[in-house]
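Protein sequence lines correspond, in order, to chains Z, V, C and L.
Per the numbering used here, the first sequence runs over residues 199 to 555.
Per the numbering used here, the second sequence runs over residues 199 to 555.
Per the numbering used here, the third sequence runs over residues 199 to 555.
Per the numbering used here, the fourth sequence runs over residues 199 to 555.
Treat the hints with care, as some may be off.
Below 30 Å or equal to it, Euclidean Cα-Cα: the simulated DSSO-like pairs (lysine-lysine) are [as the list claims (entries may be wrong)]:
#1 L:Lys282 with Z:Lys282
#2 L:Lys250 with L:Lys362
#3 Z:Lys468 with V:Lys503
#4 Z:Lys520 with Z:Lys295
The hints are simulated quantities; they were obtained by calculation from the structure and are not laboratory data.
Just so you know, these numbers come straight off a predicted model, no measurement behind them.
Listed here are the chains, written in short residue letters.
There are 4 protein chains.
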Amino acid sequence: MNSFGQLFKLTTFGESHGAGIGGIIDGCPAGLAIDFDFIQSELNRRKPGQSKITTQRNESDTVQFYSGIFEGFTTGTPIGFFIKNKDQHSNDYNNLKDVYRPSHADYTYAEKYGVRDHRGGGRSSARETIARVVGGAVAKLLLNEMNISVQAYVHSVGTIELEKPYTDLDLSTAENSIVRCPHPATAEKMIARIEEAGRNHDTVGGTIACVVQGVPVGWGSPVFNKLHADLGFAMLGINAVKGFEYGSGFEGTKLSGSEHNDIFVTENGKVKTLTNHSGGIQGGISNGQDIYMKVAFKPIATLLKEQNTIDKELKATTINPKGRHDPCVLPRAVPIVESMAALVLADHYLQSKLSRL
Amino acid sequence: MNSFGQLFKLTTFGESHGAGIGGIIDGCPAGLAIDFDFIQSELNRRKPGQSKITTQRNESDTVQFYSGIFEGFTTGTPIGFFIKNKDQHSNDYNNLKDVYRPSHADYTYAEKYGVRDHRGGGRSSARETIARVVGGAVAKLLLNEMNISVQAYVHSVGTIELEKPYTDLDLSTAENSIVRCPHPATAEKMIARIEEAGRNHDTVGGTIACVVQGVPVGWGSPVFNKLHADLGFAMLGINAVKGFEYGSGFEGTKLSGSEHNDIFVTENGKVKTLTNHSGGIQGGISNGQDIYMKVAFKPIATLLKEQNTIDKELKATTINPKGRHDPCVLPRAVPIVESMAALVLADHYLQSKLSRL
Amino acid sequence: MNSFGQLFKLTTFGESHGAGIGGIIDGCPAGLAIDFDFIQSELNRRKPGQSKITTQRNESDTVQFYSGIFEGFTTGTPIGFFIKNKDQHSNDYNNLKDVYRPSHADYTYAEKYGVRDHRGGGRSSARETIARVVGGAVAKLLLNEMNISVQAYVHSVGTIELEKPYTDLDLSTAENSIVRCPHPATAEKMIARIEEAGRNHDTVGGTIACVVQGVPVGWGSPVFNKLHADLGFAMLGINAVKGFEYGSGFEGTKLSGSEHNDIFVTENGKVKTLTNHSGGIQGGISNGQDIYMKVAFKPIATLLKEQNTIDKELKATTINPKGRHDPCVLPRAVPIVESMAALVLADHYLQSKLSRL
Amino acid sequence: MNSFGQLFKLTTFGESHGAGIGGIIDGCPAGLAIDFDFIQSELNRRKPGQSKITTQRNESDTVQFYSGIFEGFTTGTPIGFFIKNKDQHSNDYNNLKDVYRPSHADYTYAEKYGVRDHRGGGRSSARETIARVVGGAVAKLLLNEMNISVQAYVHSVGTIELEKPYTDLDLSTAENSIVRCPHPATAEKMIARIEEAGRNHDTVGGTIACVVQGVPVGWGSPVFNKLHADLGFAMLGINAVKGFEYGSGFEGTKLSGSEHNDIFVTENGKVKTLTNHSGGIQGGISNGQDIYMKVAFKPIATLLKEQNTIDKELKATTINPKGRHDPCVLPRAVPIVESMAALVLADHYLQSKLSRL
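Isolated chain Z, as found in the complex (with noise of 0.2 Å):
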């Protein structure tokens, strides 16, 4: 239940508050050319502490592998890697011992274990995601090799949503701003409504696009691992997550067929679509045209301040937690996204050797 893909497989363990954090990559190839410089620089991305609107924990998030690299590449055998925690401050969590947060894994997660690590949400924690990152790094550079491009950014954060479509935009610029939107104007409006839910000790939502760039047509399944649905299901398993669509989603439900068939042309020997409401996926199976997607988060549930609850006996209380919190998860989201789209192509590449004799 903590392995995630199946032929470029990653398993993940640990708590927020134990040791670290850890997993194995099984499935890689061999001879690839591991950087461990850019492995270093995607935690770096999701790391805590990065600016002025994400908490101020301070984690090294510092990544060892363990095994499965030899003189730089990838030996085909499997990868192991721990980060160790560091700026752990359990004791905020004491208070919590007894007590169910709303709208947090607190209360299911007790009743489906009988047991509970109160501390920081145990398994439950978004610092699980560390994992992801490495796993996804990896996965990356595996398509790097075929020269395909896996970028996010922050679409909208509440009610303030980036208005031009992707493609009227330089998504390498979503880097420069450190809310992780392409969209100067937009960004600073976001980020200004991050700092207001900080200051009022609450939280805000928001969606994250992904585009995935350079997918060959022919990745992908026609039955129950569609393209797609493999990449919704690893967006819903990230934290918060509420939604997801790809292509002309919910919006597109609105609209005819005539209006919404993409029509096949032919430019310079290559097939591409005129418009592209399936976002890259026709049937289950990439058509070698973006593959662009969009995930809903929800505001995160930990608030600063005095909430009604109930503790572990059922009886009414209240709770106002400490601790160093993000008042938007998204723009630590934006790598966790990535890597998790990075992964199931990587696994779907794996796949693709195999359709024919």
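Here the structure of chain Z is known, so what remains is to put chains V, C and L in place on it, guided by the hints.
What follows is chains V, C and L alone, placed relative to chain Z:
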């Protein structure tokens, strides 16, 4: 790649214009009473030709069970089943042999496999979902033993949207309407919209909502296989689906955390939440409240009118499909959505037996 | 639990006295030519009633393919198939309804599932292996494309043992003998031994050897899924199998390392080993030499004579089975052994595509 | 490919001369008390340098747990662990860099992956089994809760064989002997035989028997995943294993059915069999009697003397390995055999929860 589920597992086979569609249900516990009439009634809800707003193809869609059931009860061994294809007008597809239909799986499929069964979409046809309805019906029988109900309905057709929340509706009335919307006035508008699309040789999309009631606290998993991630994966694997959300979904991203959090209270010794933005799932695990989700369906791609496209040689051509097609997939997709939800929940029921010593 | 293989996957269903036996082959690449006559000929090698030393039950064992094949070639989609049961004398089993046959699955089955299909062993009947022969025949067609052959033969019946190593025999002659032993003088003795067992209403066990030729270097996996571990798992899953060895096997444990090691030499630019104690597999991975293994079958448990046993109430009783049974399972098990070997190798063929960038 | 088990799943990583060996145990139920001293004592049974008949390498083999355990009990989340490599004399292997050792994984490995970590066998080293002992120790703790014991012992070394059946021995005394044979006189001969091999710079093989007591009726599966098939797969995945048998094994093939069948009787209301040729498993499912199996180990391939071989260019050369190696793998393999058995049984314990409604 043609199996669904971890412990309650459905594997399907079959193409729209082959001998038929079938599958194997593996992992169903022994001792479950099988109500064959119920299973057939579920297939009838999905059947073509059931009303004036569905395709007029005529299939009896009668399921034969081959194994796994003895004297009316499951034996714990795999349940094999088969549904013959009958009303195949394969010749309707002869003109499609060398042409790629816009927004269909034809092109991607041909590139993936190098061969293509052009008759009716082959494996990518939604006729495959008949096997999911059989699997879902057995899953429903299992869930019934625990008083869990799964009820879907059409929430929107094009821009016509049901305005009331499900809590204000009697969902059991959805079946009284051929469009499967539990609000008669809205249902009428939806039917008119579908008939209009049919007259225009066009198609129309929409959304289906699904409500699961009676799931106990503690089903699901905290990381990749969050209960909603498995549900989303299930839904995104249905033909024509473009998006999935649960609980507050995309709209919820606009709220602040203090508006969005669901406050726990105790009522008659039972835990409940004052609101249900969580959609019955917190931290990937059911919290005992209603599970609520919404699924987006695009307008289906087969239009009975001329469109531009390309052929196998990548040359420009036109297409003008014949055949008998649904102008709107939603009424027949309702039992498919329910089936996929039931399959996921039956799987998590089994998983829930394993979490504690 | 009813699936075999990782990438080339066979899932089976069916009981001996139900409607029939069937399965789904998932993961077979597109573009493989299907020789239906060959598949049927494999089934005929396993069929009851084929000679005087097998059960005289009369089954046509004709396979129907339902999907996954179009115009004679695989399409890359799942291959569904079914074999009807015909010659069912279920009444022969009425007296077994409440009694547990010695060394059969009756007792363990009833305890596991709480219900039992007592007719002919239900799911635990060797009739299930018919589906493996279909799957194995398709796997053989795939291996044929790479000039890989899989050939099994009866190596011993009771204490009568073939004394020559396989390298001194013409394995293709095994099929000339009804006992499937490639050494005519030994075959005669084996037949006499089986006929003696039949006259005594008794049964007799033995061993089957299997040789796979043409596997390239590099198939397999270094840790859990060693090529011989997957082969052993496959063989131990056949009814009545009690042991598996490959290469030097149990006898090899008596040698010292300096006697046992296979020395590498180069011959015409090709690597070979002077001996083959390794049985073609080193460190779990094929080394290009012949793969050689041996499988032990117990004498089957159904004796047509009176034996003491207990009934469902755990009371002492006697049993005196009727029905038509093989006095020796080995001749009909030869194609089953080959099929399981072929399924494993087809799987590792696909896996071998994934090990390098 | 580096995971073992369906529900109680162990995934391992690490090479003999890398940073260390580790793994993840996924699927262990919450609430199991973890006895760290017991786990370490299991590792000590496998450790190099434990007696005069094992390699004199010096590894502390201390396991660190990273996750999944809170206040001494499992939490139901994945258990990550790591064992550092310490005593690495990688230079001992420099002369092996371009040479393929006879009957080793060097050649097959290089062909499979295109790259090879030549230091100590890399991933194909038996040092990987340290992770299995950790996993097996946790599995034993789980089985202990049900009063199930797993006990292995050395049954033969070369041609020196323990003549008494296990039922006439006190298996608990096996640990009193450095060769782990529970019969002192035989143990002495075995030790002398191993010392002789060591003096000759040679190696010697043998067999290990394993007895599992206390398994209730009904664990296992009737088709592919027969309990003995899973056990055989587990054992054949251990380095140097060449064969597996259970119950009457290869010898039993020589009996007639009337000699071989195990007659059921009832004793004090409990079912037992008069003989146990079935080895505690009938139709793939445990029958409540002792599970008995035997595993064949070849003489290990690394000889500290000159042998002919080839190099990477396929040219003839000689090899004369240095390093510190076991002349006989069996004494240290006893806890590995037990661990693999325990992992299989823990898995089937979980599976047994799913068979009935």
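**Request:** Could you check the structure against the hints above and give me the numbers of any it violates, in ascending order?
**Result:** Hint check: nothing fails, all pass.
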